[in-house]
Amino acid sequence: MRRAVQGFTLVEMLVGLGLTVVFMLMTLPSASAYLTDARIRAAAQSYYSGAQLARAEAVRRNAEVRLLLTNDPRASKPTASVNGLGWVMLAGGPQGVDWSTLEGVEWVASKDPEEARTTGLHVAANEAVVQFDGQGAASVNQIVKFLGPAADTCYPQGPRCLHVVISLGGQVRLCDPGISNNGDNRKC
Numbered sequence: 001m002r003r004a005v006q007g008f009t010l011v012e013m014l015v016g017l018g019l020t021v022v023f024m025l026m027t028l029p030s031a032s033a034y035l036t037d038a039r040i041r042a043a044a045q046s047y048y049s050g051a052q053l054a055r056a057e058a059v060r061r062n063a064e065v066r067l068l069l070t071n072d073p074r075a076s077k078p079t080a081s082v083n084g085l086g087w088v089m090l091a092g093g094p095q096g097v098d099w100s101t102l103e104g105v106e107w108v109a110s111k112d113p114e115e116a117r118t119t120g121l122h123v124a125a126n127e128a129v130v131q132f133d134g135q136g137a138a139s140v141n142q143i144v145k146f147l148g149p150a151a152d153t154c155y156p157q158g159p160r161c162l163h164v165v166i167s168l169g170g171q172v173r174l175c176d177p178g179i180s181n182n183g184d185n186r187k188c
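Position 171 (the sequence shown) corresponds to 171 in full-length UniProt numbering; numbering is contiguous.
Keep in mind that the hints were calculated from the coordinates and are not lab data. Here the structure is a predicted model, which means the values were calculated and not measured. Do not take every clue at face value.
Stated by the list, open to error - DMTMM-like cross-link-like pairs, simulated, lysine to aspartate or glutamate; straight-line CA separation at most 20 Å:
id, residue 1, residue 2
1, Lys145, Asp72
2, Lys145, Asp112
3, Lys145, Asp37
4, Lys77, Glu127
5, Lys145, Glu127
6, Lys187, Asp176
7, Lys77, Glu114
8, Lys145, Asp176
9, Lys187, Asp37
10, Lys77, Glu106
11, Lys77, Asp112
12, Lys77, Glu103
13, Lys145, Glu114
What the hints assert, rightly or not - The following label-pair restraints were derived from C-beta to C-beta distances:
id, residue 1, residue 2, range
14, Leu168, Ser49, 19 to 25 Å
15, Gly183, Ala38, 24 to 30 Å
16, Gln171, Glu103, 45 to 51 Å
17, Pro29, Leu53, 34 to 40 Å
18, Asn182, Leu19, 43 to 49 Å
19, Thr20, Arg41, 27 to 33 Å
20, Ala31, Ser76, 37 to 43 Å
21, Gln6, Asn185, 55 to 61 Å
22, Lys77, Gln52, 38 to 44 Å
23, Ala31, Lys187, 49 to 55 Å
24, Glu103, Ser49, 26 to 32 Å
25, Gly169, Pro149, 20 to 26 Å
26, Glu114, Asp184, 56 to 62 Å
Built from N, CA and C at the ideal position, the CB exists for glycine as well.
The task is simple: from the sequences and hints, build the whole structure.
If you want it as structure tokens, here you go:
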């Protein structure tokens, strides 16, 4: 009597491995686009949350709070930049602050730009600094665009781009410029 053969042969294993590699190579471009979109979403969500926190801190303290886009949030005197990949939040006291020297300023929170640098994200803003007053109103209308590695292409030609829009009234919105439906609340 012969025993039944169990398992699989080397040829069957190589065919299975070959099919697995082919399927993985087919999904690689879409996985890359998905990861880029996820990184853009994470960076935009981080700034959106920072802006919401800055507004809430300004109302809570009844004082000015500034949110700066910067590439050096850990510096003792961060430099504001419209292309800053990170941000820092600074709060002033109720008596006012000399923003040029940062005398009397309290550091509230910051976001390090290292993750955005390593993934090739780009940021473009019309204003580098937005200041919220004690009533929660913003000093400027700020639009911060979060773009993929090719900063001039957005969906459908490239990855999804997201905008964080801060209005003078203090409203902070995260929106998608690729949405064109009038009833969609993600539309910019």
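Now the hints, each set against the structure:
Simply put, Lys145 and Asp72 have alpha-carbon atoms about 19 Å apart, close enough for the 20 Å limit, and the pair holds. Proposed proximity of Lys145 and Asp112 is supported: the alpha carbons are some 18 Å apart, at most 20 Å. Straight-line distance between C-alpha atoms of Lys145 and Asp37 comes to about 13 Å, which keeps the hinted pair within the 20 Å bound. A distance of roughly 18 Å separates the Cα atoms of Lys77 and Glu127; the hinted pair therefore holds under the 20 Å criterion.
At most 20 Å may separate the alpha-carbon atoms for a hinted pair to count; Lys145 and Glu127 meet this at roughly 11 Å. Distance check on the hinted pair: Lys187 and Asp176 sit about 6 Å apart at the alpha-carbon level, within 20 Å; holds. With a CA separation close to 18 Å, the supplied pair Lys77 and Glu114 stays within the 20 Å bound. Of the pairs offered as hints, the one joining Lys145 and Asp176 holds, with about 10 Å between alpha carbons and a cut-off of 20 Å not exceeded.
A C-alpha spacing of about 17 Å is found between Lys187 and Asp37, which places the hinted pair at or below 20 Å, so the restraint holds. Using a Cα cut-off of 20 Å, the hinted pair Lys77 and Glu106 holds, with the two alpha carbons roughly 12 Å apart. Taking the CA atoms of Lys77 and Asp112, the gap is near 15 Å; set against the 20 Å cutoff, the hint holds. The suggested pairing of Lys77 with Glu103 holds, with an alpha-carbon distance near 10 Å, which does not exceed 20 Å.
Restraint check for Lys145 and Glu114: satisfied, since their Cα atoms lie roughly 18 Å apart, inside the 20 Å limit. A beta carbon spacing of about 20 Å between Leu168 and Ser49 agrees with the range 19 to 25 Å that was offered as a hint. At about 26 Å, the CB distance of Gly183 to Ala38 agrees with the hint of 24 to 30 Å. Between Gln171 and Glu103 the C-beta distance comes to about 31 Å, which lies outside the given range of 45 to 51 Å.
Judged by the Cβ atoms, the range 34 to 40 Å given for Pro29 and Leu53 holds: they are separated by roughly 36 Å. The hinted range of 43 to 49 Å is satisfied by Asn182 and Leu19, whose Cβ atoms lie roughly 46 Å apart. Roughly 29 Å separates the CB atoms of Thr20 and Arg41, a value that falls within the hinted 27 to 33 Å. The beta-carbon spacing between Ala31 and Ser76, approximately 41 Å, falls within the hinted interval of 37 to 43 Å.
Judged by the Cβ atoms, the range 55 to 61 Å given for Gln6 and Asn185 holds: they are separated by roughly 58 Å. A C-beta distance of roughly 25 Å is found between Lys77 and Gln52, which places it outside the suggested range of 38 to 44 Å. A hinted range of 49 to 55 Å for the beta carbons of Ala31 and Lys187 is inconsistent with their spacing of about 28 Å. The given range of 26 to 32 Å is respected by Glu103 and Ser49, whose C-beta atoms sit roughly 28 Å from each other.
A beta carbon spacing of about 34 Å between Gly169 and Pro149 contradicts the range 20 to 26 Å that was offered as a hint. For the hinted restraint 56 to 62 Å between Glu114 and Asp184, the CB-CB distance of approximately 33 Å leaves it violated.
Checked against the numbered hints listed earlier, the structure breaks hints 16, 22, 23, 25 and 26; every other hint is satisfied.
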